[in-house]
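Peer 1: The letter at position 2 of the sequence shown is residue -6 when you use the numbering used here, and the numbering goes up by one with no holes.
These aren't lab readings, by the way, just hints derived from the structure by calculation.
There could be a bad hint or two in this list.
The calculated label-pair distances, taken between Cβ atoms and stated as ranges, are [unchecked claim]:
hint, residue 1, residue 2, range
1, A37, T13, 17 to 27 Å
2, T43, R66, 30 to 40 Å
3, K5, T43, 10 to 20 Å
4, C31, D59, 20 to 30 Å
5, S67, V21, 22 to 32 Å
6, Q69, D24, 26 to 36 Å
7, S20, F64, 17 to 27 Å
8, R72, R(-5), 43 to 53 Å
Cβ atoms here follow ideal geometry from the backbone N, Cα and C, with glycine treated the same way.
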Amino acid sequence: MARCGTLIMADLKLPRLPERTPVKLTISVSPDLPEALGCYAQLYAETYGQTESIADLVPYMLQGFLDSDRAFARSRQQPRQNR
-7 MARCGTLIMA DLKLPRLPER TPVKLTISVS PDLPEALGCY AQLYAETYGQ
43 TESIADLVPY MLQGFLDSDR AFARSRQQPR QNR
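With these hints in hand, go ahead and build the complete structure from the sequences.
Peer 2: Rendered as C-alpha cells:
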C-alpha cells in the first residue's frame, strides 16, 4: 500500500462511526480507488484508534457526500413532477 501520511488528531471530514449492524456492500470501482480508500481507512484508524473496514466506511462517506450536496438536497425538496 502507498504511503498515506500521518497526522496527529487528523481533521477528517468523516466523524467517528456510530454503533451499527454490519452490512455487506459489493461495488465496482475505478482501479485507483481501492488504494485511496485503503489510505483513508488507515488514517481513520490512526485518528480514532479503531480499525474499520472500507465496506463499513463507504456508506457513511457516501451519506456525508449526499448530505453536503446542496443541489441534491434542493432537488429532493421539490415536488416530484419538477425533477
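Peer 1: Which of the numbered hints above does this structure break?
Peer 2: none
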